[in-house]
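Number of protein chains: 2
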Amino acid sequence: MAYGLARRELKPRVPLRHGEGDRSHLTSLEGLAALSLDALSSVAYGPEAIVLVLIVAGTGALTATLPVTLVIAALLAVLVVSYGQVIAVHPDGGGAYAVAKKDLGPRISLLAAASLVVDYVLTVTVSLAAGAASLASAFPSLTPYLLEICLIGLGLLTAVNLRGVAESARVLMLPTVLFVVSILGIVVLGLLRGHPLATVGTAQPVHATEALGLVLLLKAFSSGCSALTGVEAIANGVPAFREPRVKRAQRTELMLGGLLGLMLIGLAVLIQRDDVVPRGGVTVLAQLTAGSYGTGWAYYATNLIVTAVLLFAANTSFGGLPVLMSLLAKDHRLPHLFALRTERPVYRWGVVALALLAALLLIAVNADTHRMLPLFAIGVFIGFTISQTGLVRHWAKERPPGWLRRAVLNGFGAVLTSVACVVLLASKFIEGAWVVVLAIPLLMLLFARIQRYYAEVARELGLGEIPPPVRVTSDSLVIVPVGEVSKLAQHALTAARALGSAEVVAVAVHGNQERAQALKASWDTWNPGVRLDVVDSPRRSLVEPVVDYVQRAAAGGRQIVVLIPEVEPRHRRYQILQNQRGLLLAAALRARTDVVVCVVPYRLSI
Amino acid sequence: MAYGLARRELKPRVPLRHGEGDRSHLTSLEGLAALSLDALSSVAYGPEAIVLVLIVAGTGALTATLPVTLVIAALLAVLVVSYGQVIAVHPDGGGAYAVAKKDLGPRISLLAAASLVVDYVLTVTVSLAAGAASLASAFPSLTPYLLEICLIGLGLLTAVNLRGVAESARVLMLPTVLFVVSILGIVVLGLLRGHPLATVGTAQPVHATEALGLVLLLKAFSSGCSALTGVEAIANGVPAFREPRVKRAQRTELMLGGLLGLMLIGLAVLIQRDDVVPRGGVTVLAQLTAGSYGTGWAYYATNLIVTAVLLFAANTSFGGLPVLMSLLAKDHRLPHLFALRTERPVYRWGVVALALLAALLLIAVNADTHRMLPLFAIGVFIGFTISQTGLVRHWAKERPPGWLRRAVLNGFGAVLTSVACVVLLASKFIEGAWVVVLAIPLLMLLFARIQRYYAEVARELGLGEIPPPVRVTSDSLVIVPVGEVSKLAQHALTAARALGSAEVVAVAVHGNQERAQALKASWDTWNPGVRLDVVDSPRRSLVEPVVDYVQRAAAGGRQIVVLIPEVEPRHRRYQILQNQRGLLLAAALRARTDVVVCVVPYRLSI
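Residue numbers (my numbering), protein chains in the order written: chain U, 1 to 606; chain B, 1 to 606.
Just so you know, the hints here were simulated from the structure itself, not pulled from any lab data. Note that the coordinates shown come from a computational prediction; the quantities given were computed from them, not determined experimentally. You may find that some hints are simply not true.
Which copy is meant is left open, so a pair is good if it fits within one copy or across any two.
Unchecked claim - No farther apart than 25 Å at their CA atoms in a straight line, the calculated lysine to aspartate or glutamate pairs in the DMTMM-like style are these: (1) Lys330 / Glu148; (2) Lys487 / Asp536; (3) Lys247 / Glu514; (4) Lys330 / Glu514; (5) Lys487 / Glu456; (6) Lys247 / Glu398; (7) Lys397 / Asp368; (8) Lys487 / Asp274; (9) Lys102 / Asp92; (10) Lys330 / Glu465; (11) Lys487 / Glu568; (12) Lys247 / Asp275; (13) Lys520 / Asp533; (14) Lys330 / Glu456; (15) Lys330 / Glu568; (16) Lys102 / Glu398.
Please build the complete structure, drawing on both the sequences and the hints.
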């Protein structure tokens, strides 16, 4: 499912560094494992989505399953050919955001970015929900706990990604092969058997509440389109392939299209022949599995493989969204914070943000896959449309040999996906698509506002201009807050004198006169060559009087430097025992004055 | 209930400042409202605790209720007289911690502090649980939600205390009077009526599983002692009284003793006469209320008054614990953090810590008052014993006229409460007292370890010694990390030059050669008079290369000052968009180098 720009930087996850040679790049088959898992896993919920729509017109309406699936397969074929061209034009990876920024202008690129964010979140939630449903099909006692299973899975993914594991294409190879073999096995065995071997799940009453008309067929088509999510991932991941990478990527795209089409059509044939209707507690795929393999070990194994593959599919977002956020941050459309990718804690915020959004969504829809599919498909189809429209624009600009034929092909794809997008939006608006209609513009607005803020900052900082010359003055006053006469004070004053400034003054706060006198006396005994000012604090605050003192000093117009000594324990666990006053003082000075705040560390041996 | 040291500083909550005159101090009656609410409210669960113990020997065993209550009342009389002496000796407030520190040495004062912390938490939880039970007695539909009610009440108290309201004695006057009148009304009307007017709650089967022997009587006594929690509060709050404050405080203590004794004995007489047994869904006090007032509006009003008074009682801990923590911090037994009371955020941590501990405990015991009473009473009685033992030591040292008589009185009190403490511990060990036996030593250990740490720090800092003289050198090197040529860089370099140091150098990080060249070119055009070093960052980290650069520079032995320019947006909401890199750099430098880290603010107009 996941897609978009993110794939482009799959590289760092598939171990790949300069000088490591070509062995770390993907072959066509490895690419299928690394980049197509989320597309292939869509068969776990796509066909079911069609059945769930058609059933409202009664069991007879299920005869439309195969025709609807064939239309979707045709759309898949167009997409595969179209993305073959995307691969050739953007060998550096062509996610919707990058393509839109290059060929379609800032406004469309904001749309692409917003729909990508929505889709990364939905990739996680839909995959987890479908995975939980598959697990509960094998173990019916889990059925009441689908949400809990999803949240546990989400917690697992979050923990793994916070620790930052390197995911490798080779790890994904085995589940991918097992998954494809299992699904194709269901199709082949099912067709050979002639009738289902076993039935699972509890029968549910079917009430025909609507007639099978064009609207229902369009709804079924748009629901089934969720099976196409993820076909753009290979185009985004071209740089991860071994040379000749364009050839290999195109071959992988073709394999993906072939396998996905085969699985979708095969499953649809079985659904239609066996009159598969939704049954309680099991997925449609689980019913087909039982029909072909019976309810022995193969049934359990297949359901577990499906669950595992969906978990891996959910994981792709955790790799993708931080990358997208980093690109947006570099374009000043998200806090620059997210661009500092190599700084570990920052990367974590992206993971945490994704986990929180996914958890909220799962709770909101109670882990029901089919309530999320409308939201999911819309975002993906916006991406499809943008990528292909961008390519049409590209052909029209560059005009290489045969450009017209290519432009027509991509244009056809764009028209198909944009029509599908409109159909999805219209037919699913009330059922949840309105959320996307709300979320995407809000995200675009957010990106735009952030961008405007950074532009204003750049203007104020005079970026791109030559700034005024550096004034050379040296009338700084260095203020050192001290508590007692101690080595800490000595250390701080030594540091202050070493700055080379003309004047250093120490300031102490005391609530009662006796202690103030005692301090002055020991200061005089010590005689460090620096004046000590003791300020009174009737309300016993230690921070306020120093801030006031600094403000009064700053009123003179000199540059004020406040040098705060900080005790640094050797063990982190002692940190809570130290420096709180210094932190409070630094925060207050920063909020209320324009002075330079310096921290002088004093290391302890404990 | 709450007590201890904390009351001593009730002053800041009862509005009281220099020059405000005596009107802000408490009269005897106001003192009763401000300082006795938690003691008086104990009647809501004390008598019930006795009944709950005796009932295991069958309904016949309830005849022991009155005798047990009379023994408790006698103990109360001794405590009241004894605390009258505490008031005279410690007119500045004599909490267990302060008394122990003065007269009994550091070890006992740690014990006092630990038991006080335990009791502040239990004051909150017991009061809330009893309040919720009282509320559910009036509205039986709330019975399944006692824990939820407690947590909502706790949330309310936490929110109010985080905002920091000034609690005034006058606010408490009305509920106190209403409460005392209601309870005494129950007693008087009940005695006049001759038999209960109405019965509430559902009957529960009574199985006699034990014989009424000495052990059971001791258990009943120790459970009932929970009614005595809070009688020390007045002694702790002497400074809050109007002059002559010792006289007034002693008068208040006597009033409290009289009222509490009267209520306890009166309720016990009713319980015994009417054979009150525990009934489902209502408290014993609610049964007595219905017996005297019927089940009309007076029943609801009384239960609501009891709930309100218990909520106020819970609130006293929120005033008390932060004060105790601040005193412990001043004695280096808690992080100094907690001593910075006038700095608002610090005060909040104490409130949050109390709320979290109380919430955990409520959840652990599922808001069952009677599972917490053993823990509660033990802590309180440790405090009683320490206060009175301290006073014995005091009399023996000072030997004023009549000291022997006084010492004997306090000694008798100390023996009684220490025996009660042992009985409590022995009889309730398995039922939960073991938690206290675990928690108190662990807290003492924590305090002791923190104290040892601070002592070691003081040694390392040479506190109390005259430190070596301040060395005067001025070979600092000021390093200014810059991103681009901008007014920000200009501002930072100007600040660096103003320090008056001999040498300033700018350092920039760039991942690619082109941008490095471009930066160098515009630097040369600008020509700020400061050398620019551009360091390479193959892994695109912005922080690591600067830290490495600084470490190399520091290896030369010079004092290094890193001056980080920070953009300060005018609106706080933009803070997230700025300075993250600076914060990361500052944190990394602090963790891995000993350099002086300075922050130069650059204020934006947005």
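Verification of the hints:
When the C-alpha separation of Lys330 and Glu148 is checked against a cutoff of 25 Å, the pair qualifies neither within a copy, at 37 Å, nor between copies, at 47 Å. Taking the closest pair of Cα atoms, Lys487 and Asp536 come within 25 Å of each other only inside a single copy of the chain (24 Å); across copies the shortest separation is 39 Å, beyond that limit. In this assembly of identical chains, the alpha carbons of Lys247 and Glu514 never lie at most 25 Å apart, being 85 Å within a copy and 32 Å across copies at closest. Only between protomers do Lys330 and Glu514 lie at most 25 Å apart by alpha-carbon distance; the minimum there is 17 Å, versus 58 Å within a single protomer.
For the identical chains of this complex, Lys487 and Glu456 are inter-copy neighbours only, at 13 Å across copies versus 46 Å inside a copy, given an alpha-carbon limit of 25 Å. Taking the shortest Cα distances, Lys247 and Glu398 sit within 25 Å of each other inside one copy (21 Å), while across copies they are farther apart (99 Å). Neither within a single protomer nor between protomers do Lys397 and Asp368 lie at most 25 Å apart by alpha-carbon distance, with minima of 45 Å and 76 Å respectively. For the homomeric pair Lys487 and Asp274, neither the shortest alpha-carbon distance inside one copy (86 Å) nor that between copies (73 Å) is at most 25 Å.
In the homo-oligomer, the alpha carbons of Lys102 and Asp92 lie at most 25 Å apart inside one protomer (13 Å), although the nearest pairing across protomers, at 77 Å, exceeds that limit. When the C-alpha separation of Lys330 and Glu465 is checked against a cutoff of 25 Å, the pair qualifies only within one copy, where the shortest distance is 20 Å, while the shortest distance between copies is 54 Å. Within a single copy, Lys487 and Glu568 get their C-alpha atoms as close as 13 Å, which meets the 25 Å cut-off; across copies the closest is 34 Å, which misses it. Within a single copy, Lys247 and Asp275 get their C-alpha atoms no closer than 42 Å, and across copies no closer than 93 Å, so neither meets the 25 Å cut-off.
In this assembly of identical chains, Lys520 and Asp533 lie within 25 Å of each other by CA distance solely inside one copy; the values are 9 Å within and 45 Å between copies. Proximity of Lys330 and Glu456 under a CA criterion of 25 Å is satisfied intra-copy only: 16 Å inside one chain copy versus 48 Å between copies. In this homomeric assembly, Lys330 and Glu568 come within 25 Å of each other (Cα to Cα) only across copies, at 20 Å, whereas the closest approach inside a single copy is 35 Å. For the homomeric pair Lys102 and Glu398, the shortest alpha-carbon distance inside one copy (13 Å) is at most 25 Å, but the shortest distance between copies (90 Å) is not.
Hints 1, 3, 7, 8, 12 from the list above are not met by this structure, while the remaining hints are.
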